[in-house]
Amino acid sequence: MVAEETYVPIDRDGDIVSARQKARELATHVGFSGSDLTLIATAISEVARNIVVYADHGEIVLSAVQRAGQRGILVIARDEGPGIPDIERAMRDGFSTGRSLGLGLPGARRLMDEFEIVSEVGKGTTITMRKWTR
Amino acid sequence: MPVPILKQGDKLIASLQSDLDDKDLMQLKDEIAEKVGRFKSRGVILDVSILDVLDSFATRTLRTIAETARLRGAETVIVGIQPDVAVAMVQLGLTLDGVLTALDFEEGMELLLATIEGSHHGGG
Numbered sequence: 001m002v003a004e005e006t007y008v009p010i011d012r013d014g015d016i017v018s019a020r021q022k023a024r025e026l027a028t029h030v031g032f033s034g035s036d037l038t039l040i041a042t043a044i045s046e047v048a049r050n051i052v053v054y055a056d057h058g059e060i061v062l063s064a065v066q067r068a069g070q071r072g073i074l075v076i077a078r079d080e081g082p083g084i085p086d087i088e089r090a091m092r093d094g095f096s097t098g099r100s101l102g103l104g105l106p107g108a109r110r111l112m113d114e115f116e117i118v119s120e121v122g123k124g125t126t127i128t129m130r131k132w133t134r
Numbered sequence: 001m002p003v004p005i006l007k008q009g010d011k012l013i014a015s016l017q018s019d020l021d022d023k024d025l026m027q028l029k030d031e032i033a034e035k036v037g038r039f040k041s042r043g044v045i046l047d048v049s050i051l052d053v054l055d056s057f058a059t060r061t062l063r064t065i066a067e068t069a070r071l072r073g074a075e076t077v078i079v080g081i082q083p084d085v086a087v088a089m090v091q092l093g094l095t096l097d098g099v100l101t102a103l104d105f106e107e108g109m110e111l112l113l114a115t116i117e118g119s120h121h122g123g124g
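The listed protein sequences derive, respectively, from chains A and B.
Residues 1 to 134 (our numbering) make up the first sequence, in order.
Residues 1 to 124 (our numbering) make up the second sequence, in order.
It is worth saying that the hints were derived from the structure and are not from the lab.
Even glycine gets a Cβ: it sits at the ideal position worked out from N, Cα and C.
One or more hints might be untrue.
Simulated DEER-style distance windows between Cβ atoms [to be verified]: (1) 69(A) to 8(B): 30 to 36 Å; (2) 67(B) to 35(A): 38 to 44 Å; (3) 87(A) to 105(B): 41 to 47 Å; (4) 37(B) to 66(A): 52 to 58 Å; (5) 96(B) to 122(A): 34 to 40 Å; (6) 91(A) to 26(B): 24 to 30 Å; (7) 50(B) to 70(A): 52 to 58 Å; (8) 113(B) to 9(A): 32 to 38 Å; (9) 2(B) to 35(A): 37 to 43 Å; (10) 23(B) to 91(A): 26 to 32 Å; (11) 8(B) to 12(A): 18 to 24 Å.
Far from chain B by the CB rule (all over 12 Å, computed), these chain A residues [what the hints assert, rightly or not]: (12) 13; (13) 86; (14) 104; (15) 119; (16) 133.
Covered stretches of chain A, as calculated for chain B (at least 3 residues, CB under 8 Å) [to be verified]: (17) 15–22; (18) 32–40.
Given only the sequences and the hints, what does the whole structure look like? Please build it.
Printed below as a string of structure tokens:
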């Protein structure tokens, strides 16, 4: 029996691996298969790394959701890090202030069906993503 | 868990593990650079067939490993990128430009031999 909601603390780079493993488990349970599982796991890897690199620690909450009979996965990645001063710029391909390619967040947006980011400087960042089964 | 690197003749072979974290990748990068020099290796095979995710950090590190090895005189072939992983990489906007890739270990070894042979004769 797989729980409908999973909480993964993100404190170090090893947690990125557990976050995507747990996401894969839940997404399989929800009914995703094949390449969708990989797309979800990769998107989670990117947002989890964003937490480790920029905020040191945070959390990812994974839940099974439904909309008009369609099953999906909801991913909330939350941190209380420095926040992103210019979200528009951070969401542009190739922009990075850390050790990434600058493809992390815009890439994660392309891999999921829905993507929202709310960030306040000095308070932190929350990314909400959803993907629906086909 | 650190990635074991096997020496086979003038080649190094590393099979990446599924639970590979960032530290393991960074360590692999340093060890390949060091071992290429110590064993005077001419070629490196990185087998990623077990990996179910290649995100932007992993892709960049693989590219760095290949570029570092080339500066040390060895060619690198990345083998075994899974179809779903390839699809995700393209959507993410990730490329492995300038890095040799092959479908599996066997084809990677052939490509590596051809590439090493080619560079022996001045590219001709």
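Quick rundown of the hints versus the structure:
The supplied range of 30 to 36 Å is broken by residue 69(A) and residue 8(B), whose beta-carbon atoms lie about 55 Å from each other. For the pair residue 67(B) and residue 35(A), the supplied restraint of 38 to 44 Å is violated, since their beta-carbon distance comes to about 29 Å. At about 43 Å, the beta-carbon gap between residue 87(A) and residue 105(B) stays in the expected band of 41 to 47 Å. Separation of residue 37(B) from residue 66(A) is about 57 Å and conforms to the stated range, judged on CB atoms against 52 to 58 Å.
Checked against the given bound of 34 to 40 Å, the beta carbons of residue 96(B) and residue 122(A), roughly 38 Å apart, stay inside it. Restraint check, residue 91(A) to residue 26(B): a C-beta distance of roughly 27 Å satisfies the suggested window 24 to 30 Å. Between residue 50(B) and residue 70(A) the beta carbon distance is about 32 Å. The supplied range of 52 to 58 Å is therefore violated. For residue 113(B) and residue 9(A), the Cβ-Cβ distance of about 47 Å falls outside the hinted range of 32 to 38 Å, so the restraint is violated.
Between residue 2(B) and residue 35(A) the C-beta distance comes to about 30 Å, which lies outside the given range of 37 to 43 Å. Checked against the hint of 26 to 32 Å, the C-beta distance between residue 23(B) and residue 91(A) comes to roughly 28 Å, which is consistent with it. The hinted range of 18 to 24 Å is not satisfied by residue 8(B) and residue 12(A), whose Cβ atoms lie roughly 34 Å apart. The beta carbon of residue 13(A) is not kept farther than 12 Å from every beta carbon of chain B, the shortest such distance being approximately 4 Å.
No beta-carbon of chain B comes within 12 Å of the beta-carbon of residue 86(A); the shortest separation is about 20 Å. Not every CB of chain B lies more than 12 Å from the CB of residue 104(A), the least distance being 5 Å, so the non-interface label is violated. Here residue 119(A) stays apart from chain B, with its beta-carbon at least about 19 Å from theirs, past the 12 Å limit. The Cβ of residue 133(A) sits about 16 Å from the closest Cβ of chain B, beyond the 12 Å cut-off, so the non-interface label holds.
A count of 4 residues in the stretch 15–22 of chain A with a Cβ less than 8 Å from any Cβ of chain B is obtained; the coverage claim is therefore met, three being the minimum. Counting residues of the stretch 32–40 of chain A whose beta carbon lies closer than 8 Å to any beta carbon of chain B gives 5, which reaches the threshold of three, so the coverage claim holds.
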